[in-house]
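Heads up: the sequence lines are chains A and B, in that order.
Take 1 as the starting number for the first sequence in UniProt numbering and just add one per residue.
Take 1 as the starting number for the second sequence in UniProt numbering and just add one per residue.
Just so you know, the hints here were simulated from the structure itself, not pulled from any lab data.
What you are looking at is a predicted structure, and each value in this text was computed from that prediction instead of being measured.
We put the beta carbon where it would ideally sit given N, CA and C, even for glycine.
Fair warning: there could be bad hints in the mix.
As the list claims (entries may be wrong) - Partial chain B-side listing against chain A, Cβ under 7 Å, derived:
| # | residue |
| --- | --- |
| 1 | P41 |
| 2 | R45 |
| 3 | E207 |
| 4 | A208 |
| 5 | L210 |
| 6 | V233 |
| 7 | A261 |
| 8 | L268 |
| 9 | L291 |
| 10 | R293 |
| 11 | I294 |
| 12 | P301 |
| 13 | D303 |
Number of protein chains: 2
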Amino acid sequence: MTVDDLADRVRAGDLHALARAISVVENEGPRAAALIAALHPHTGRSTIIGLTGPPGAGKSTLADRLAGEWRARGRRVGIIAVDPTSPFTGGALLGDRVRMQQHAGDEGVFIRSMATRGHLGGLARATGDVALVLDAAGFDIVLIETVGVGQDEVEVVRTADMAIVVVVPGTGDDVQALKAGIMEIADIYVVNKADREGADRAAASIEALLALQPMAGEGWRPPILRTEATGGVGITALVEAIDRFCARGPEQVDARRRLRAGARVKDLLSRRLLVHVEQSVLAPGEFETLLDRIERRETDPHDVAASLAARVIERD
Amino acid sequence: MTVDDLADRVRAGDLHALARAISVVENEGPRAAALIAALHPHTGRSTIIGLTGPPGAGKSTLADRLAGEWRARGRRVGIIAVDPTSPFTGGALLGDRVRMQQHAGDEGVFIRSMATRGHLGGLARATGDVALVLDAAGFDIVLIETVGVGQDEVEVVRTADMAIVVVVPGTGDDVQALKAGIMEIADIYVVNKADREGADRAAASIEALLALQPMAGEGWRPPILRTEATGGVGITALVEAIDRFCARGPEQVDARRRLRAGARVKDLLSRRLLVHVEQSVLAPGEFETLLDRIERRETDPHDVAASLAARVIERD
Chain A
1 MTVDDLADRV RAGDLHALAR AISVVENEGP RAAALIAALH PHTGRSTIIG
51 LTGPPGAGKS TLADRLAGEW RARGRRVGII AVDPTSPFTG GALLGDRVRM
101 QQHAGDEGVF IRSMATRGHL GGLARATGDV ALVLDAAGFD IVLIETVGVG
151 QDEVEVVRTA DMAIVVVVPG TGDDVQALKA GIMEIADIYV VNKADREGAD
201 RAAASIEALL ALQPMAGEGW RPPILRTEAT GGVGITALVE AIDRFCARGP
251 EQVDARRRLR AGARVKDLLS RRLLVHVEQS VLAPGEFETL LDRIERRETD
301 PHDVAASLAA RVIERD
Chain B
1 MTVDDLADRV RAGDLHALAR AISVVENEGP RAAALIAALH PHTGRSTIIG
51 LTGPPGAGKS TLADRLAGEW RARGRRVGII AVDPTSPFTG GALLGDRVRM
101 QQHAGDEGVF IRSMATRGHL GGLARATGDV ALVLDAAGFD IVLIETVGVG
151 QDEVEVVRTA DMAIVVVVPG TGDDVQALKA GIMEIADIYV VNKADREGAD
201 RAAASIEALL ALQPMAGEGW RPPILRTEAT GGVGITALVE AIDRFCARGP
251 EQVDARRRLR AGARVKDLLS RRLLVHVEQS VLAPGEFETL LDRIERRETD
301 PHDVAASLAA RVIERD
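All chains, full assembly: derive it from the sequences and hints.
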């Protein structure tokens, strides 16, 4: 199938084509770039939401409940579950199958797990591209759910239009989790498992941290909501808070998307230039020789990078 | 002070110069590159050890106990505590002061906290450069201790000669933590707080995951040790396991350092080329115009990156 055919079928709602298109962009080859170019004019209509928080916070259950609530409101939902399972366990695929059963037969919910690849930056890039495919396929909402709260998850969630940060009371990890660069990105906080002891304390500690943080120029004060995802408690209020955030006007959304596009261009450009250096600037075996010289302490990585950069830049 | 003077003082063991040199490399300017070039010929003698694991696993206490054991054996120890505290809380500095008190007056222990900067990849790069400064300053061991087990921590630990992964029994996070790309990097596992219920189960689950993993070519099977860091139990055995790992012969260490140097060169080269594009390829305001065009869906990030790359590469 040509890339244009594949793009057309994705836009027409063909789920097999959608799964195939996602695999293509995950593989990040020239075919991926062509597919994204074909789909890109037809994107920008989905609301892309990042959902993050420490392991065990109940994010998957929350995502499923949100999907149910959105479906009840007639919206189509794509879920990208970013799963750091090591490649050799095959966990991502298994997780997919288990979770898909809940929404079996409902073409308005599409769930795809993505395993981390061990490539820094690669995961956020790949996640953004998969979100773009789901956007082109006409899903009203694309929910990117992460496992854990590391810098990688923060970067993944930065590819979204808005970020929801989930904590649970009483693990002792709640504040630690919030410290991990998360405060800067949260648009809505959720204290899940809010029937547990310590829910008040968790909410109060978020409140205290929020008080320390300068208000962002956007003028949105992140609300702190309580849910019991397992029992479906608080889901409607959460969906309404998300709608309020999105209703603030398109300027804020556009500003974030612009930042994101700029970062994406730089990332893609870096990779292209490195490929150029490997294929056209370095002689065969030269990079190994340079590493030998670094190993013998005759030179250092900064010097080598500077001289390679000069060879790319200087025109003779 | 010139960079060469600063480098000389660092090598002479001047602690004020050391603190200043670390700040210079953290700021990553041209002065950083010059300082690293000056120090680089005098590095490669330290053993650089990464220590990672989920929050609450007792990594800081373990690091302090290890430092004590190494000091008893006459080795000088530098500790880099990678702390994802948000910049606005100032947590890293506070942590420094509290922890320094334990080793106050001992010039054989140097502790430095580094906050994450929100720059993906930047933290691993900066940590590697700080480790290099401590190496040049003559510390026998440089211990890089991380908070959390995200992809960023994995990248940080990859800059080390060896990695120790710490888990605690009974949090339910133990296996989750191990899944997060950690299995690939661990050279030694530590079950800390081993007096707690569930220590056997934690060790068994690591064992089970190890059994799934193909043996690395290096022929080292990661041991699983038990410690109670607070009471100092198991620390001697851990230090001995580290020594056994390091005694395997220099080829393995060199192979890892080579991989690391290659990754560093590529990273530094990317940054230089992006600066070149910003300063010499793009006309003033052009990048904003390109983002406008992406926003209007007239083009997409892949196309823009391709055309910018072509302008860098094509010589006319």
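Tell me, in ascending order, the numbers of any earlier hints that this structure violates.
2, 3, 4, 5, 6 and 10
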